[in-house]
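Going down the list, the protein sequences come from chains B and F. Just so you know, the first sequence maps onto residues 4 to 168 in my numbering. Just so you know, the second sequence maps onto residues -2 to 245 in my numbering.
Because the hints were derived from the structure by calculation, they are not lab data. The reader is advised that the hints may include incorrect statements.
Stated by the list, open to error - Derived PhoX-like pairs: lysine-lysine, alpha-carbon spacing no greater than 20 Å straight-line:
#1 B:K33 / F:K108
#2 F:K69 / F:K145
#3 B:K41 / F:K45
#4 B:K29 / B:K41
#5 B:K33 / F:K69
As the list claims (entries may be wrong) - If the Cβ cut is set under 8 Å, some of the chain B residues that face chain F in the computed set are:
#6 T12
#7 V155
#8 F158
To be verified - Restraint ranges, calculated between C-beta atoms of paired labels, are given here:
#9 F:K145 / B:I46: 14 to 24 Å
#10 F:K145 / B:P34: 17 to 27 Å
#11 F:R37 / B:I46: 44 to 54 Å
#12 B:Q52 / F:H154: 44 to 54 Å
#13 F:A172 / B:Q52: 47 to 57 Å
#14 F:A172 / B:L21: 31 to 41 Å
#15 B:I46 / F:P158: 40 to 50 Å
#16 F:V212 / B:E56: 51 to 61 Å
#17 F:G44 / B:V26: 20 to 30 Å
#18 F:G183 / B:I22: 25 to 35 Å
Glycine residues also receive a C-beta, built at the ideal position from the N, C-alpha and C atoms.
The lines below spell out each chain.
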Amino acid sequence: MNPIAFDLTLPAQIVSFLILVWVLAKFAWKPLMGMMEKRRLFIKDNLEQAEAERREAERIRQEYQEEMRNARQEAQGIMEQAAKNSEQRAAEILAEARRETEKLKTAALADIERERERAVTEVKAQVAELSIAVAEKLLRARLELSGQAELVEQFIQEVGESRPC
Amino acid sequence: MHETILWQVGDLGTIHGKTLVMTWLAFIVIFILVFLGTRRLTSGTPGKMQNFLEWIVDFVRNIIRDNMEYTKGAGLHAYLLTLILFVFVSNMLGLIPNIFWPLFEHVEFAKLDEIFHGAALMSPTADINTTASLALLTLVLIIAYGIKYHGPGYFRHFVEPYPVFLPIHLIDMVAKPMTLAFRLFGNIFAGEVLISVILMLPGVGILGGVIPMAVWLGFSIFIGAIQSFVITVLSTAYIAQAIGSDEH
Chain B
4 MNPIAFDLTL PAQIVSFLIL VWVLAKFAWK PLMGMMEKRR LFIKDNLEQA
54 EAERREAERI RQEYQEEMRN ARQEAQGIME QAAKNSEQRA AEILAEARRE
104 TEKLKTAALA DIERERERAV TEVKAQVAEL SIAVAEKLLR ARLELSGQAE
154 LVEQFIQEVG ESRPC
Chain F
-2 MHETILWQVG DLGTIHGKTL VMTWLAFIVI FILVFLGTRR LTSGTPGKMQ
48 NFLEWIVDFV RNIIRDNMEY TKGAGLHAYL LTLILFVFVS NMLGLIPNIF
98 WPLFEHVEFA KLDEIFHGAA LMSPTADINT TASLALLTLV LIIAYGIKYH
148 GPGYFRHFVE PYPVFLPIHL IDMVAKPMTL AFRLFGNIFA GEVLISVILM
198 LPGVGILGGV IPMAVWLGFS IFIGAIQSFV ITVLSTAYIA QAIGSDEH
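Only chain F is shown next, with the shape it has when bound in the complex:
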């Protein structure tokens, strides 16, 4: 478990410094991945990294195809690709030992010494703010695509088949992003809590924690991958619902 490190932003409020720094770290990892993959772009025989990226592109394309006509969802492709990549890398970040600790041990700027303190890095997705922001973006996309394909008529589905259903539709509308956010956050946060707990086992410095740690890290990789897939698929499905609310 991580202590929350707060940055004070004037009088506006606070920011979870560690979450933000880890987010940027995840960005850097993604940039490196993508840079390696697009460095020598070719329409001929792709390199290994390009092949990997193309696999992800196809994977997400198929997710979109499974849920809606691809032509309607093509605009989502880039967003969903970024989403799945970011969530996956973020989930993995919490499993990586804190290799940056020696660098920032004495850097007090922006509380970096506190941020890079502890046994492992932190998943940005272990912060409800990150997952909630992703869920909110999905909500925005749901409404945007609903309006794009149905005009103002999109809002009519809130009172269908009878106006009495309005509260249910509203709850549905709130529940979708909420479940998205809490599912991801809960999975990853719990994983990190358990890592901290395993690290607190007596005798962990010798050998006692190695086996449970290895088991749990393996499981966390699985969970992290699954959750990145789940949030992508669900976002797509919700948006597809908004697009196709006439047909369904």
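Only chain B is shown next, with the shape it has when bound in the complex:
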């Protein structure tokens, strides 16, 4: 028996196989590949979405960082400003105090001057009085003539006692 024998089996097989191809293509491969494509798109979408979200998060992170840096800078500025202000204020206070002291000092000096002048005036008055007294005593001593020495002694003593300062 020859195993290589062609007959109508050949066209029958062609037709059978084509039917198989058609049926499988229509009912199996098409839906199956559709599903696979759908899954592929689903995964692709998910990946893209994840990528977008990652980028968004990165953007927000950078934004926050920027904001933080700004805030820090601002705080630094405020602190510097405050330090400057306080320094200035301190200087002002100091100057004021100095001015005040100066004023007080001037007033005190004026007072002293005034007191001194008054004292001098007083002294002058006393000196005048004393002079008059001395003159008086001298006159009296001259009149008595005797005891001139005692008179001088007394005069000097009196002058020494009545000196105001």
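Position chain F relative to chain B; hints supplied.
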């Protein structure tokens, strides 16, 4: 080895009944496989059978990608998928013991009692008519894709670079499907012959044939898988040649 059971079709000629019945049996097996795989189609987590089918789909897609631009060969995908599945299931069919024998023992309709007679089923691919029909379809696809992508200019390559080469190109054109057909047929047919031979070993009914049978069945599974892969890859490569005959 199987006896050829002939169906007479009027005055037209004869059909190898056993081959045709086994082909349909292979179809049924494929339908069951595919039905199980596509029963609960989902784009989410696929079931085991869907996963298996998707693996085959990807496998064949990669075969196409290896040979040509996928966009050009996308139309071949369904055909090649069916081809690899059919050839594989057919090759395996000859290794399955004849479990249907009790069913058709006394059915004389269409000589079914003779068809399901013997120790094992038969591979449809162990018949040259089956493999030749597959090879012829490949030939048709080769020419169809050649014309599709090159128009009538496709036939010019038969006389290139010189008209003297025409006979060589013609031989090439005939040899491609012929080798396809005979390679598959020879491998599977020889496998079945050897199964018959092993079954004829003396004392096979007791234990003598078990070890060689097991070894040979294992090898046949390997051969069957390899051959289904080979015919698919070669068909793709031949068609890719026709598509890209300008570039190559």
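- Item | List of violated hint numbers, smallest to largest | 1, 7, 8, 9, 11 and 14
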